[in-house]
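S.K.: Listed below, chain by chain, are the residues.
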Amino acid sequence: MQLEDSARPTALDVEESVRLDERTRRDTMTINMGPQHPSTHGVLRLILTLDGETIIKAVPDIGYLHTGIEKTAEAKSYFKALVLTDRMDYLAPLANNYGYSLAVEKLLGIDVPARARVARVALVELQRIASHLVWLASSALDLGAQSVFLYCFRERELILDIFELCSGVRMMTSYIMPGGLQADLPPGFDAKVRAFLDLFPKRLSEYHDLLTNNRLWIDRTKGIAPISAADAVAFGCSGPTLRGSGVVYDVRKAFPYGGYEQFDFDIPVGSNGDVYDRYLIRMLEMEQSLRIIRQAMDALPEGPWQVADHKIVPPPKYEVSSNMEALIHHFKLYTEGYRPPAGEVYVRTESPKGELGFYMVSDGSAKPYRMHVRAPSFANLQALPKMVEGMLLADVVAAIGSIDIVLGEVDR
Amino acid sequence: MADQTQLENARPLATPVNPLAEATVALLTDRFGASVRSVVEHRGETTVILAPTALVEACQALRDAPTLRYSLLEDITAVDWPEREPRYDIVYQLVSIETRASIRLKVQIGGEDDPDPEIASVMGVWPAANWFELELFDLFGIRFTGRDDLRRLLMPSDWAGHPLRKDYPLTGFALPDPHWGGQTPLDQPLPPGIGQLTLRTSDGSEQPNLNRRSEDDR
Chain A
4 MQLEDSARPT
14 ALDVEESVRL
24 DERTRRDTMT
34 INMGPQHPST
44 HGVLRLILTL
54 DGETIIKAVP
64 DIGYLHTGIE
74 KTAEAKSYFK
84 ALVLTDRMDY
94 LAPLANNYGY
104 SLAVEKLLGI
114 DVPARARVAR
124 VALVELQRIA
134 SHLVWLASSA
144 LDLGAQSVFL
154 YCFRERELIL
164 DIFELCSGVR
174 MMTSYIMPGG
184 LQADLPPGFD
194 AKVRAFLDLF
204 PKRLSEYHDL
214 LTNNRLWIDR
224 TKGIAPISAA
234 DAVAFGCSGP
244 TLRGSGVVYD
254 VRKAFPYGGY
264 EQFDFDIPVG
274 SNGDVYDRYL
284 IRMLEMEQSL
294 RIIRQAMDAL
304 PEGPWQVADH
314 KIVPPPKYEV
324 SSNMEALIHH
334 FKLYTEGYRP
344 PAGEVYVRTE
354 SPKGELGFYM
364 VSDGSAKPYR
374 MHVRAPSFAN
384 LQALPKMVEG
394 MLLADVVAAI
404 GSIDIVLGEV
414 DR
Chain C
481 MADQTQLENA
491 RPLATPVNPL
501 AEATVALLTD
511 RFGASVRSVV
521 EHRGETTVIL
531 APTALVEACQ
541 ALRDAPTLRY
551 SLLEDITAVD
561 WPEREPRYDI
571 VYQLVSIETR
581 ASIRLKVQIG
591 GEDDPDPEIA
601 SVMGVWPAAN
611 WFELELFDLF
621 GIRFTGRDDL
631 RRLLMPSDWA
641 GHPLRKDYPL
651 TGFALPDPHW
661 GGQTPLDQPL
671 PPGIGQLTLR
681 TSDGSEQPNL
691 NRRSEDDR
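So the sequence lines, in the order shown, correspond to chains A and C. Using this note's numbering, you'd call the opening residue of the first sequence number 4 and step up by one each time. Using this note's numbering, you'd call the opening residue of the second sequence number 481 and step up by one each time.
Isolated chain A, as found in the complex:
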């Protein structure tokens, strides 16, 4: 076929293109993003190789927040190691407490009273909403939607108020403990949660108004940093990062724990595996969490909130000063702790970030022989290079926001 003269490439064009090609090859640039970059959500460092603005290679460098939590836990009694778990995923401390408590209870072979079981589900789902609100606030802020940040933190404060009412602490509550709850749900808990349940759906629809059909938001998120279902599974992703790719896997449904099988809720699943799908899934998950909390509040039974065995939970303070047995229990628990029978358990829970697993080994002593945490952010972050390679530099920010990492949990 003859090319028309105008379409035939001239010598100059070819030369120019080769020169350009050589220049881009030569101009491949390696830059450092983080560890103090605000959009890396903590202290994540990314070493990016760029061709122009396109990412050729991304290598995450982690460990800046490594605090040796697994090592420290080996030197604490089961009772005291609980507070370490708050500090891993510091945006969802109750979810960590819950996973840890379930693992220790499985080692001990005990179950908790019904009131504790239902209250835990309500608290953990409130925590899920709080965690998703921080995710929404910060990932929207990263992409330039500043007002969303303030609104989300306003609603998160309401949830933290509920936690403060229960435990006296806003964040590092340690309220869920092996054997039940630290204290009974306080008077006013029910009213406060129900007030939140009434308020939040309206606020959630306001967030949808701000972002879901926002042209700028869609341009920055749709088709950005996609990962296929097969890749997401192969890289060990879990939680919204996995479900965004269309994989129906939620630990609460697949391996129900702590009474989740009694609750009626749906699992939102995406199809494209891009930032927008992961965004939408978390938005829909908040609605489902509201459903679960509403059911839990309706079903919340009266009764004990801890096991009666004071070898596992501390006896009430006033008994300690009047009852000799209580004093002995108190003394034994705080100085030595309890000794689960030798064995190993792995407990998986669905934390706001994904599958949170606790692998605990007991050698029959009062301290965990080994506590390993399968952190969801750790596995999800592994898939980040897969998502961003071939994307633009600005999309890295969107991708990091969309997998919702917490470096305290990645580095432990």
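Mixed in with the good hints there might be a few duds.
[As the list claims (entries may be wrong)] Cross-link-like lysine-lysine pairs, in silico, DSS-like; alpha carbons within 30 angstroms at most:
| no. | chain 1 | residue 1 | chain 2 | residue 2 |
| --- | --- | --- | --- | --- |
| 1 | C | Lys646 | A | Lys389 |
| 2 | C | Lys646 | A | Lys370 |
| 3 | A | Lys314 | C | Lys646 |
| 4 | A | Lys83 | C | Lys586 |
| 5 | A | Lys83 | C | Lys646 |
| 6 | C | Lys586 | A | Lys256 |
| 7 | A | Lys335 | C | Lys586 |
| 8 | A | Lys79 | C | Lys646 |
| 9 | C | Lys586 | A | Lys370 |
[Unchecked claim] Cβ pair distances, simulated, as ranges:
| no. | chain 1 | residue 1 | chain 2 | residue 2 | range |
| --- | --- | --- | --- | --- | --- |
| 10 | C | Ala640 | A | Ser368 | 24 to 30 angstroms |
| 11 | A | Arg157 | C | Gly626 | 17 to 23 angstroms |
| 12 | C | Glu502 | A | Glu339 | 38 to 44 angstroms |
| 13 | C | Glu502 | A | Ser208 | 44 to 50 angstroms |
| 14 | A | Gly112 | C | Ala503 | 23 to 29 angstroms |
| 15 | A | Val172 | C | Glu502 | 18 to 24 angstroms |
| 16 | A | Glu339 | C | Pro499 | 38 to 44 angstroms |
| 17 | A | Pro259 | C | Gly641 | 38 to 44 angstroms |
| 18 | C | Asp544 | A | Arg294 | 36 to 42 angstroms |
| 19 | A | Lys320 | C | Glu537 | 56 to 62 angstroms |
Please keep in mind that the hints were generated in silico from the structure rather than gathered at the bench. The beta carbon of each residue, even a glycine, is placed where N, CA and C say it ideally should be.
Starting from the structure of chain A, add chain C where the hints point.
M.R.: Leaving out everything else, chain C in the frame of chain A:
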């Protein structure tokens, strides 16, 4: 309110049933009979202890078995038993998204005459193994073969020792001179003894600071 805690005693935990664990064990004993060392059941969780040589093939078989399809590698971790021979447990948690099967595989490696044990990488079966293996190399000193880029993941690259080993001290460090933050410059060799010493061990007993260099060394 406190008397309410007396109402209900700690009930025994119902152990979940795992119907596919039996099928998994059957498949492994069928295909790798000689390599299945033992099968342990605890609190409804099944652990299969495998010979290290059969690990990768067994993982491949479990991933590809049409009735099981262990597609998701949840976790790899290790446990150090310094008194025992072999010394390390390498623990693999597998789960199937399609069939809801779950199993724990374990291989035992290392010991007195093998201080830096090697085990084949399963990255070829599940890419997810990448960081879990790097973490084990970093914190336990387990060397994974059949993969490149074995580097420290969490600790600084010039760190000496493997913190999650049981003989690694919980607190206390003797720092080389000159030092900053326990690290030495990358272009200098590490002084002998860094990272091996302690002021207090995990059981609370104190040890002499063996790492302090005598005047003669200076």
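S.K.: Taking the hints in turn, state whether each one holds.
M.R.: These are the hints, each one checked on the structure:
1. With a C-alpha separation of about 36 angstroms, the suggested pair Lys646(C) and Lys389(A) falls outside the 30 angstroms cut-off, and the hint is violated.
2. With a C-alpha separation of about 13 angstroms, the suggested pairing of Lys646(C) with Lys370(A) holds against the 30 angstroms cut-off.
3. For the proposed pair Lys314(A) and Lys646(C), the alpha carbon gap of about 28 angstroms is at most 30 angstroms, so the pair holds.
4. At most 30 angstroms may separate the alpha-carbon atoms for a hinted pair to count; Lys83(A) and Lys586(C) meet this at roughly 29 angstroms.
5. Between Lys83(A) and Lys646(C), the direct Cα distance comes to roughly 20 angstroms. Compliance with the 30 angstroms bound is thereby established for this hinted pair.
6. Between Lys586(C) and Lys256(A) the CA atoms are separated by roughly 27 angstroms; this keeps the pair inside 30 angstroms, and the hint holds.
7. In summary, the hint linking Lys335(A) to Lys586(C) is not supported, as the alpha carbons are separated by about 35 angstroms, beyond the 30 angstroms threshold.
8. Restraint check for Lys79(A) and Lys646(C): satisfied, since their Cα atoms lie roughly 14 angstroms apart, inside the 30 angstroms limit.
9. With a C-alpha separation of about 23 angstroms, the suggested pair Lys586(C) and Lys370(A) falls inside the 30 angstroms cut-off, and the hint holds.
10. About 29 angstroms separates the C-beta atoms of Ala640(C) and Ser368(A), a value consistent with the hinted range of 24 to 30 angstroms.
11. Evaluation of the 17 to 23 angstroms hint for Arg157(A) and Gly626(C) yields a failure: the beta carbon distance comes to about 52 angstroms.
12. The hinted window of 38 to 44 angstroms between Glu502(C) and Glu339(A) holds, with their beta carbons roughly 39 angstroms apart.
13. A hinted range of 44 to 50 angstroms holds for the C-beta pair Glu502(C) and Ser208(A), which are about 49 angstroms apart.
14. Gly112(A) and Ala503(C) have their C-beta atoms about 26 angstroms apart, which keeps the hinted 23 to 29 angstroms range intact.
15. Range check, Val172(A) to Glu502(C): about 45 angstroms between beta-carbon atoms, so the 18 to 24 angstroms window is missed.
16. Our hint of 38 to 44 angstroms for Glu339(A) and Pro499(C) holds, since their Cβ atoms are close to 40 angstroms apart.
17. Separation of Pro259(A) from Gly641(C) is about 42 angstroms and conforms to the stated range, judged on CB atoms against 38 to 44 angstroms.
18. Between Asp544(C) and Arg294(A) the beta carbons are some 38 angstroms apart, a value that agrees with the proposed interval 36 to 42 angstroms.
19. Between Lys320(A) and Glu537(C) the beta carbon distance is about 58 angstroms. The supplied range of 56 to 62 angstroms therefore holds.
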